[in-house]
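S.K.: Spelled out, the chains give:
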Amino acid sequence: MMLKRIKADRWIIAVLLLLLLLPLPKLLAANGLIAADAVNWPPIHYLKRSTDVFVWAVVAVSYDILIGFTGIVSFGHSLFVAVGAYSVAIAVMKLGLSPVVGVLAAVIASALISVVVGSLSLRLKGHYFAMITLAFAEVGHVLALKLSQWTGGEDGLSVRVPLWLANRTNDYYLGLLFLAVIFFTVRRITESPTGRVLAAIRENEHRAQALGYDVTAYKVGAMTISGVIAGLAGVAMATIDTQFAIASLATSGPTIEVLLMTVVGGVGTLTGPVLGAAMIRLLSFALPGLQDISPLFARWQLFLGLIYVGTVMFLPDGIVGSYRTRVKTAFQRIFTPG
Amino acid sequence: METPHLTFPLLVTLLLNGVAIGMLYFLVAVGLSVIFGLMHVLNFAHGSMSMVGAYVGLAVFRLFGDPATGTAPTWAFALAILGGAMAGFVLGWVTERFLIRPLYKRPIFLILLTLGLILVLDETVKLIWGTSPQGLVIVPGLSGTVDVLGQPFAVYRIFLISFGLLMIGLTWYVVNKTRIGIIIRAGVQDSDMVQTLGINVRQIFTLVFAFGAALAAMGGIATTPFTGVHPAMSGDFLLKTFIVVVIGGFGSTTGTALGAICLGLTEQFLPWFFPRFAAVGPVVLMAVVLLVRPEGLFSVSGRRAG
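Chains as they are written, first to last, in numbering that gives the first Met the number 0: chain A, 0 to 337; chain B, 0 to 305.
In short, the hints are calculated from the structure, not lab data.
Careful: at least some of the hints might be erroneous.
To be verified - With a Cα cut of at most 27 Å, we get these calculated DSS-like pairs of lysine-lysine: (1) K124(A) with K125(B); (2) K327(A) with K6(A); (3) K93(A) with K145(A); (4) K104(B) with K327(A); (5) K327(A) with K47(A).
Unchecked claim - Residues from chain A that face chain B, not an exhaustive set, calculated with beta carbons under 8 Å: (6) Y127; (7) M130; (8) L133; (9) K145; (10) L146; (11) W149; (12) P253; (13) L301; (14) L303; (15) V308; (16) I333.
Cβ coordinates follow ideal geometry from the N, Cα and C atoms, glycine included.
Build out the structure end to end from the sequences listed, making use of the hints.
M.R.: What follows is the structure, encoded as structure tokens:
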């Protein structure tokens, strides 16, 4: 069993090892184990961008719990990212508390808000649910702008982190650890009996209800797990990534980007959203740099839109989803008699 | 801050302003409402289509005069509205026919598709016209004010109210008194049944989508003398459209008209009485209506009226 799992995961393990080993000299240098000035590879921006990818990959994985494993499309998901980011920012910058207290506050706040938002909005189905989550996110956005003595209003809140967190190498490893822990935890959840019930709800809600499952309770549960993970990603954003909490995090823009990551990678695959997050974040770093070639690249989001439409029309299972189906059908073709 | 005394003439002005803004919201929202009622497609790109209409309208206006000084004949504005509407019509037609149609069986992917369209349309607009806001001054024939109970009231708002009423009347007539209209209403009830009766309901889908986008585009260009043309329009329009349609009930043109006027009035009166809640008020209203009465405030016993 264990061996089979490791074999199935060989790609994930290989990528993890590579990501672990790449900046190892820097880690040693950062913590004074070897001479710091001897190491200038990989460059800082590699570490910075990778950390950013890790954090957004966590958001995408948390979104996949909703869209891929429970079958609900929320437009307010990044609200929880904002809640997490602001919780830690306010705790540290406004109340002078330690970041650890901030993390606890973020977990509690995002859990509470996702239970409230979930139990109110999950009574509605489909499009109505999508719209009410949009409304909640907009309320969150306006509150973040208006309560400026706490949130810094339009300017947002910059977080001054402890010295060891201001180090990009440490941030990189923390981000990687964070993503790995969340990824395997979420996978464990989706493969658990609870995860099977969620999948049953996704496939046929009425049938799950008829079998005696409290569908709404399970959905609220899924939304809470997903909301807390997104909140933690918000904490990560405010501490190891941008070190900033800003109101626009709560708008539909970031949610739409996360949706894109999930869809491009493959809904309900978990590895897909991680891959999607890497692709979309790296594209959004790289494309604006191509402006010298063509002014078209100043509007690089156009390409994200085209990828979006293209994926939906021609590759609805996403990259990982399509890959899995292809491998499966190839397998069947070889081993089917006749 | 002390709230100024609300006199009767001021009340009338606020009321008229609310109705005038409501007319704009009706134009933008009615297409989304009927499209959702008929084909269960929530078109997130509806606001973007409205914005494209506004930009095309501005471009048409530029052919005849300078939008910043308004040195253009009144009919240039009429042509701008027409041009914007035509752009909206074509955009809606192409979108339904080539992008939406293959996906009717997968509702989640329809949402994703229209989200992707937001990015494509908004970024294309920025690519062509840039990101800075562009003004459009009211043309001579529609500028100036008239006296309403001793208060000045903009002629353009009177134009908006009459134009809006005309469009409400037209859509009401088409939906309730014509053959196309009865097919649309039947389709809102049960589109498979309409298809079974030998009517090509797909063609009606395309037509409704195109006309919905055209009306939204008209709304877009008609807003520009207030707000100018800017890339953030699409998001603003989308949220307002959702609020209107949720209040009025999906699929109903009369509901949309009432919902639009309701939103227009709320936006005018809320800052007077509760200035602190002015920004979130409409969104909260939408959330409350969704929770308490998701079929909309103006629908009869939960059924969607024509």
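S.K.: None of the hints should be skipped; say for each whether it holds.
M.R.: To see whether the hints hold, each was checked on the structure:
1. K124(A) with K125(B): violated (35 Å)
2. K327(A) with K6(A): With a Cα-Cα distance of about 16 Å, the restraint between K327(A) and K6(A) holds, given a limit of 27 Å.
3. K93(A) with K145(A): Holds - the C-alpha atoms of K145(A) and K93(A) are around 16 Å apart, at most 27 Å.
4. K104(B) with K327(A): Holds, because 25 Å separates the two Cα atoms, which is no more than 27 Å.
5. K327(A) with K47(A): violated (37 Å)
6. Y127: holds (5 Å)
7. M130: Since the shortest Cβ distance to chain B is 6 Å, the answer is holds.
8. L133: This interface hint holds because 7 Å falls under the 8 Å limit.
9. K145: holds (7 Å)
10. L146: At about 11 Å, which exceeds the 8 Å cut-off, the nearest Cβ of chain B leaves the hint on L146(A) violated.
11. W149: Violated: closest Cβ of chain B sits about 15 Å from W149(A), beyond 8 Å.
12. P253: This interface hint is violated because 13 Å lies over the 8 Å limit.
13. L301: holds (4 Å)
14. L303: holds (6 Å)
15. V308: holds (4 Å)
16. I333: Violated: closest Cβ of chain B sits about 30 Å from I333(A), beyond 8 Å.
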